[in-house]
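Put chain B on the given structure of chain A with help from the hints.
2 protein chains.
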Amino acid sequence: MSNLNKLRKRFSELKKINYLNNLLQWDQQVYMPDGAINDKSNLIKLVSKIYHKKLTSDKTKELIKESEKIENLNLIDSAILREAKREYEKAIKIPIDLVKNIARTSILGYNAWKNSRKKNKFTIFKPFLEKMINLQKEYGDRLNIGKTRYDSLLDEYEPGMSSELISKLFTILKSKIRDILKKIINSGEEIDQKILEQKYDPNKQWEFSINMIKSLGFDFNIGRQDKSDHPFTVSLSPHDVRITTRVMENYFPTCLFSTIHECGHALYDMGFMKAIQNTNLAGGASLSIHESQSRLWENMVGKSEEFWHFWYPKLQKIFPKNLNHYSQENFYRSINSVKPSYIRVEADEITYSLHIILRFEIEMLIFKDQINISELPELWNNKTEELLNLRPPNDSYGILQDVHWSGGAFGYFPTYCLGNLYASQIFNHILQKDSEIPKKISNGDFISLLNHLREDIHQYGKIYYPKDLIFQITSRELNPEYFIKYLEKKFFHIYAIK
Amino acid sequence: MSNLNKLRKRFSELKKINYLNNLLQWDQQVYMPDGAINDKSNLIKLVSKIYHKKLTSDKTKELIKESEKIENLNLIDSAILREAKREYEKAIKIPIDLVKNIARTSILGYNAWKNSRKKNKFTIFKPFLEKMINLQKEYGDRLNIGKTRYDSLLDEYEPGMSSELISKLFTILKSKIRDILKKIINSGEEIDQKILEQKYDPNKQWEFSINMIKSLGFDFNIGRQDKSDHPFTVSLSPHDVRITTRVMENYFPTCLFSTIHECGHALYDMGFMKAIQNTNLAGGASLSIHESQSRLWENMVGKSEEFWHFWYPKLQKIFPKNLNHYSQENFYRSINSVKPSYIRVEADEITYSLHIILRFEIEMLIFKDQINISELPELWNNKTEELLNLRPPNDSYGILQDVHWSGGAFGYFPTYCLGNLYASQIFNHILQKDSEIPKKISNGDFISLLNHLREDIHQYGKIYYPKDLIFQITSRELNPEYFIKYLEKKFFHIYAIK
Chain A
1 MSNLNKLRKR FSELKKINYL NNLLQWDQQV YMPDGAINDK SNLIKLVSKI
51 YHKKLTSDKT KELIKESEKI ENLNLIDSAI LREAKREYEK AIKIPIDLVK
101 NIARTSILGY NAWKNSRKKN KFTIFKPFLE KMINLQKEYG DRLNIGKTRY
151 DSLLDEYEPG MSSELISKLF TILKSKIRDI LKKIINSGEE IDQKILEQKY
201 DPNKQWEFSI NMIKSLGFDF NIGRQDKSDH PFTVSLSPHD VRITTRVMEN
251 YFPTCLFSTI HECGHALYDM GFMKAIQNTN LAGGASLSIH ESQSRLWENM
301 VGKSEEFWHF WYPKLQKIFP KNLNHYSQEN FYRSINSVKP SYIRVEADEI
351 TYSLHIILRF EIEMLIFKDQ INISELPELW NNKTEELLNL RPPNDSYGIL
401 QDVHWSGGAF GYFPTYCLGN LYASQIFNHI LQKDSEIPKK ISNGDFISLL
451 NHLREDIHQY GKIYYPKDLI FQITSRELNP EYFIKYLEKK FFHIYAIK
Chain B
1 MSNLNKLRKR FSELKKINYL NNLLQWDQQV YMPDGAINDK SNLIKLVSKI
51 YHKKLTSDKT KELIKESEKI ENLNLIDSAI LREAKREYEK AIKIPIDLVK
101 NIARTSILGY NAWKNSRKKN KFTIFKPFLE KMINLQKEYG DRLNIGKTRY
151 DSLLDEYEPG MSSELISKLF TILKSKIRDI LKKIINSGEE IDQKILEQKY
201 DPNKQWEFSI NMIKSLGFDF NIGRQDKSDH PFTVSLSPHD VRITTRVMEN
251 YFPTCLFSTI HECGHALYDM GFMKAIQNTN LAGGASLSIH ESQSRLWENM
301 VGKSEEFWHF WYPKLQKIFP KNLNHYSQEN FYRSINSVKP SYIRVEADEI
351 TYSLHIILRF EIEMLIFKDQ INISELPELW NNKTEELLNL RPPNDSYGIL
401 QDVHWSGGAF GYFPTYCLGN LYASQIFNHI LQKDSEIPKK ISNGDFISLL
451 NHLREDIHQY GKIYYPKDLI FQITSRELNP EYFIKYLEKK FFHIYAIK
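Residue numbers (the numbering used here), protein chains in the order written: chain A, 1 to 498; chain B, 1 to 498.
Some hints could be false.
One copy or two, it doesn't matter: identical chains are merged, so the pair holds either way.
[Stated by the list, open to error] In the DSSO-like style, the derived pairs of lysine-lysine whose C-alpha atoms are separated by at most 27 Å in a straight line are:
| # | residue 1 | residue 2 |
| --- | --- | --- |
| 1 | K53 | K100 |
| 2 | K6 | K100 |
| 3 | K6 | K54 |
| 4 | K204 | K147 |
| 5 | K119 | K303 |
| 6 | K45 | K274 |
| 7 | K49 | K274 |
None of these hints come from the bench; they were simulated from the model.
So that you can see chain A by itself, here it is in the shape it has in the complex (with noise of 0.2 Å):
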């Protein structure tokens, strides 16, 4: 066998090493019984351990400056050494002591915030959560990435991406949504949100955003829906994607667009070109574009005008009691009311943007060393109070809101931020070269959207980092210009703004 051939065959077994540590996390989440979870901690540990010291072994240094040696590789294979040599580089200038004392401390750490939260107390997390940030300061100081220790840890879930460039868009983004939201406030409009708060049968929920699916082209031969507490998506192959939902019966919109969201996800996951499923390019080319395709199915087509032409009479014959006496029209605007709140995870189209820009801020702070860990409660309320105009009455609807910064998760937030904006630019490059797109969605057409995606985005995988694919997509660099005026469009009209 080639060095080349060794090389992408050490890739394709880790990244079945990461499945196995992919069906953990599943079965944990989904089936597993309470009693089991040190047991569960402890094999993923050790399929973790197995993965790194594969990864970080002398034979791997050997095969990739091997394959660097050959000319004129093809794209394919020049990506999966790119991908190859970018995981191993990361991987040897982390110690092992600082991965086990981060995963240590990230398990004291949700523990911490759980309890922290629920007893409405930040001085419990804080102790945990300044000992990860130092952890944290650490490995991006050590990984070395981009200008700043901060792009460093951008870097984990958005190769390329630099905070400069986040700043630039999010500055401007802020201004735009700051403008459309005091529109919206003062139209002195306001939405009932009375039907979506009926009892809605949970099985008839479940039962309706599995015909859903079906209909977006999730391929339930190689996939499955389950619940759990908090949804989310996850591979265990190119040809096993699993998403899960939540139901609740006092409020409907949360089984339906989490499902249409993982969904989005899991079409992605599901969409990989043969020649690269069982390589290391088999996967998302970041957060960002993944969340893209999760927001595009839940956002712009699942809370569209065009999607419930389709789907609202079919709805009404599933809950008649329900549903007889409102129209589409009732329907369309409550899934759409905007309406600024404390919780990133309820916020609607147009505040979210604003959630994740006050975390963003918050981040660049920690990371230039700029704030104390004890004044950050009261930094994140002053941040609410002037972007959302509200100040949170405690800390568990303000800075202990989110899981995210317990598990070290610093750098992640932008990516929901960014996706947005993605799923923009994306859908109106489709929506030029394919004017009928809406129409098609009136008739239940999802497919031919489906097929743009997957042409466009999905087949290639981590083949293209997210900047040269968006380029080679749409001939233009990110810019949030689309999804301002997606939004402009859409809540100008509902809100009836001239």
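Frame of chain A; chain B shown alone:
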């Protein structure tokens, strides 16, 4: 860390890798989407490769050698070392190509067997069976444990067992069981089975099975039940033991008794003492001992008068339309009716052993090179006629009925029958110690019995070999008389034989 501790840790990690494989197997049979089958097989292969590499490494050899120098090892450590050495020495005897060849033939053979059974054509399966038999002959010869190559194969499932001893036990059993069967048939009594063949709501059957095993001591904090085509039990850790069942709307015993059977296996796996939970001793002493637990609960408890004294009134409340016209006596007789049939898995407690003896006798001939593959179907049918006075109308009712041989599991069948022998000898012993057990069962106390089993068997895991374990518990070697007496007492009463 001492060499002994390193050895413990190494085999604890191997055990964990094994749990990974178990999780993959569980997932494959319970929730995996169909399209993932190839990827999943490759994952299982990778995990087996990781396992084999670690097991057969020089490091393992060295740690065993160094640990053997330690004097006065305690009971647990010497068993850990014994099992480690046993596994290592077996593994290095088998060339990796043979392992791979068996795995490959197993996959092809399984498909051929399914096809062969469906089309009722032995010739489709024949070449694969022949190849597998030749591979297993080589495997047995290379292992070279015991007096014959069949003994080597037996050792995979039943350490320390010999074909000589099985022959001796089965000769007695065969003669005695045929006597009992003759008497039952001569009694002229035919038991009505209609009671079991009504429509029973699958959801209620499922719920009943869950409540049933809760009462038997199945701990849902460290276990769960799911559905699969073929019921099985699997451990993903000592705190994560999973069983599956199958529900048939028109045949009540399927779900109920397979649930109790698997629960019996699970109770064993849930009951290892803390000191061995994280070691290579966290498993059943052998397949027979494991089977003794499932059969004790399924047959000796689950099909006893006392058991239904407690449960039948409850069952009547759940299925009033089905059961109000039938007495507890009717029900008890129905689940215990004896009737020779072609299919092993449908056999009653009396004829079951004859099905096993048939298979054992054929396997002996095969591995002594005393029969040609092409003669097997005829031999099978002749033996069925001899033992059960029935001639299979075709091979699907004969030699093609079981999956085992397609996967190379020769030497496996006898453990089902040995399980009955162990079960009755152990149960007899417990009844001697605690004569109140039947009364306790009538009153719905199943935990007293479980506690005896935990004390005598479960806690020890693999610390003792089967033959030492049975002697330690009952102060006698394995003896078929307990099983024969149990059968005579129970079935002579049911069939009013004096």
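Outcome of the hint check:
1. K53 <-> K100: Result: close both inside a copy and across copies, 13 Å intra and 25 Å inter.
2. K6 <-> K100: This pair counts as between: shortest inter-copy Cα distance 20 Å, intra-copy 29 Å.
3. K6 <-> K54: both (13 Å within a copy, 21 Å between copies)
4. K204 <-> K147: neither (52 Å within a copy, 63 Å between copies)
5. K119 <-> K303: Close neither inside one copy (36 Å) nor across copies (52 Å); limit 27 Å.
6. K45 <-> K274: between (31 Å within a copy, 21 Å between copies)
7. K49 <-> K274: Classified as between: cross-chain Cα gap 25 Å, same-chain 29 Å, threshold 27 Å.
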